[in-house]
Amino acid sequence: MYVDAMNVIEAKNIHKRYGSLEVLKGVSLAVKEGEAVAVIGPSGSGKSTLLRCLCNLETIDMGSIYIENEPIAYETGDGSVRYAPDRQLRKLCRKTGMVFQSFNLFPHLTVLKNITEAPIAVAKVGRKEAEEYALQLLEKVGLTDKKDTYPSRLSGGQKQRVAIARALAMKPKIVLFDEPTSALDPELTGEVLNVIRDLARENMTMIIVTHEMGFAREVADRVIFMDEGEIVEEGKPSAIFTAPRMKRTESFLGKVICL
Amino acid sequence: MIEYILSILPSLLEGTLVTLEIFVITIVCSLPLGLLLAFCRISRYKPLSNAVGVYIWLLRGTPLLLQLFFVYYGLPNFGITLERMPAACIAFVLNYAAYFAEIFRGGIQSIDKGQYEGAKVLGFTYLQTMLRIILPQSARRVLAPVSNEAITLVKDTALVYAIGVGELLRATKIAVSRDAVTTPFLAAAVFYLVMTLALTRLFEHLEERFGAYE
Ligand SMILES: Nc1ncnc2c1ncn2[C@@H]1O[C@H](COP(=O)(O)OP(=O)(O)OP(=O)(O)O)[C@@H](O)[C@H]1O
Ligand SMILES: [Mg+2]
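Protein chains in written order, with numbering that gives the first Met the number 0: chain G, 0 to 258; chain L, 0 to 213.
Just chain L, with the same shape it has in the complex:
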């Protein structure tokens, strides 16, 4: 048993690396993109705000798997052909940015208008008010929902299996089919659990740090 697990470990680890790669790329790109979209969404310029509203509706309103298929199988019809991995990352970034945009919008709008007024009478510009007063307070409030999304993302990465990217689930499935045993599933579950546990801890730590003033 132990021997068997050790024998499949290298391929599972390789798969995990791909999973982590998708995870990191998605987080690193979709958080700033989400923030940008959030600012567009609350912009007073209606065409921009509405366009982003439609974007968010489309991306949150359709299955991620469908979006993944669209980017990988659909875009070639429009002359854009992507490798599996870039296709996967693009679909994930676009999708997660939509979720983060809504979380950030909520976080920004949850700040009392007295904070804006307090800053304005002291002479802060809009940008300074955002950077120094509003966003630091919003950060604390969005940590919990962002943490939720990050944990969902770890598990969502398994979807890229559907377009043949060699991540953890695919590595597992190959071992299961080849060796006709179910142990690899259990091993994979442990891998996912370790990743989500690490994330949970990280966010707990962040919440403590950002919440020091409460």
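Chain G with its partners taken away, still in its complex shape:
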């Protein structure tokens, strides 16, 4: 299905350590245009760190990362990692949107301004155009009536939907979700998952780190299981969830499904 599509993001053999703790031990992955990839795995396996490296919130110690075949970071001859120059780096990273577990909305700006701030200041879109697009996005996430509200007045589910609209406002080529529903009360996760489900239907390219196994199975084109800083197994959701090849995958799934 995606054979001919371009790699939107590609990571090769990335390593990341914090002091003596090696959190990513050579992770490689490529995500094709239109693909939705779910990343699952136990707590501390390095899922967040992987996403943070992909959007340049963390620097990698080894390996390379490409966005639409242009390098963000690459290995030089002597094995050290070189990052693209600052301007180019920012330009490439703008193609990546990120949705955080903790929303990270700007509390001093209204919902509308949260969404238009970056298009206006960073992408240099005109205010009117930015606002029109923001309103379209708000409609998409079902929050048109909240446009002049401050984030402090929103529920967690509403906050996360605004955060998704804010990420989409920059017209990213890929959106990274780091456990978008983990900070939410159970009754609010549905509204956020619905928005992500709609994006998947529109063939938005996405990497979704999640503990919602049912959702991963339903929405993802491919599931990646990570453990201890490595990709242990990946494949179609039907294969991973019903017939995992690796013992570690099986025991992880056994545990979460018991929960």
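Be careful, since some hints might not be right.
Unchecked claim - Over 12 Å on every C-beta distance to chain L, these chain G residues come out as not near it, computed from the model: (1) K24; (2) L28; (3) E69; (4) Y73; (5) E130; (6) Q135; (7) N193; (8) E201; (9) N202; (10) E233; (11) G253.
What the hints assert, rightly or not - Distance ranges between label pairs, derived from CB positions: (12) G:T58 to L:G113: 14 to 22 Å; (13) G:L88 to L:E207: 35 to 43 Å; (14) G:R126 to L:Y125: 22 to 30 Å; (15) L:Y44 to G:E74: 25 to 33 Å; (16) G:G43 to L:E207: 39 to 47 Å.
Don't read these hints as lab results, they were simulated from the structure. Glycine included, every Cβ here is placed at the ideal spot set by N, Cα and C.
Using the hints provided, position chain L with the ligands relative to the given structure of chain G.
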């Protein structure tokens, strides 16, 4: 009584003008200088950060009166002779900038790191992040401590009396000595109270405006 107060009023008002002048000059210069120092203090360039650290320690660690004396009586030994008023203003600006620097540093550092990350993934530069995201939120948090300092400053201006600047307290003291009455002290107290009350109101208003999003 009323007549007497009216008779000293012009000189007290004149003194008040000088007090206000020192107050305004100090606020207008020390707030931006304080912000600049705060940025230096949190800079990753250690020599700069440490130098500002020492500056803040010196200026907060010694009496303002001593600094005032140093600028007015001490600097001439280094070939810098200043008039009373400029000397007073320089001492106040340097001193208050140190206090404001610490307040601003605290305000900036109190902002959650998620705000920086949220801004960074949207493509904001460091400068844009500061101006659009961090400082507006810090402003709300530093208002209360800045308000405290501003009120202290109104009263600290009385210290310049010690180098002979003709501000409110000095005008009061002259009237007291001349007329051998204590009424001028009470009148001066009222003047200070009116100034600090006005400031308190101003900051309450600002806090309301900046806090609209909470
Ligand atoms: N800034 C940091 N400094 C030191 N160690 C860190 C840092 N960030 C993460 N770690 C460590 O790296 C490991 C991987 O963390 P990471 O957050 O990527 O895991 P995760 O798979 O996202 O887990 P979870 O499901 O709990 O979110 C953990 O052991 C964590 O303690
Ligand atoms: Mg995580």
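A quick look at each hint next to the structure:
The Cβ of G:K24 lies farther than 12 Å from every Cβ of chain L, with a closest approach of about 24 Å, so its non-interface assignment holds. Every Cβ of chain L is farther than 12 Å from the Cβ of G:L28; the closest lies at roughly 19 Å, confirming the non-interface assignment. A cut-off of 12 Å between C-beta atoms confirms that G:E69 is not in contact with chain L; the least separation is 15 Å. Against the 12 Å criterion, G:Y73 stays outside the reach of chain L, whose nearest CB is about 21 Å from its own CB.
Against the 12 Å criterion, G:E130 stays outside the reach of chain L, whose nearest CB is about 17 Å from its own CB. No beta-carbon of chain L is positioned within 12 Å of the beta-carbon of G:Q135; the least distance is around 18 Å. Distance to chain L confirms G:N193 as a non-interface residue, since its nearest Cβ pair spans about 23 Å, more than 12 Å. Every CB of chain L is more than 12 Å from the CB of G:E201 (nearest about 21 Å), matching its label as outside the interface.
Distance check for G:N202 against chain L: the nearest CB is about 22 Å away, which clears 12 Å, and the non-interface claim stands. Even its closest Cβ contact with chain L, about 25 Å, leaves G:E233 beyond 12 Å, as expected for a residue assigned away from the interface. The beta carbon of G:G253 sits about 34 Å from the closest Cβ of chain L, which is more than 12 Å, so the claim that it is off the interface holds. The hinted range of 14 to 22 Å is satisfied by G:T58 and L:G113, whose Cβ atoms lie roughly 19 Å apart.
Under the hint 35 to 43 Å, the C-beta atoms of G:L88 and L:E207, about 41 Å apart, fit the expected range. Between G:R126 and L:Y125 the beta carbon distance is about 23 Å. The supplied range of 22 to 30 Å therefore holds. The hinted range of 25 to 33 Å is satisfied by L:Y44 and G:E74, whose Cβ atoms lie roughly 29 Å apart. At roughly 45 Å, the beta carbons of G:G43 and L:E207 sit within the given window of 39 to 47 Å.
Figure legend: structure checked against the earlier numbered hints; every hint is met.
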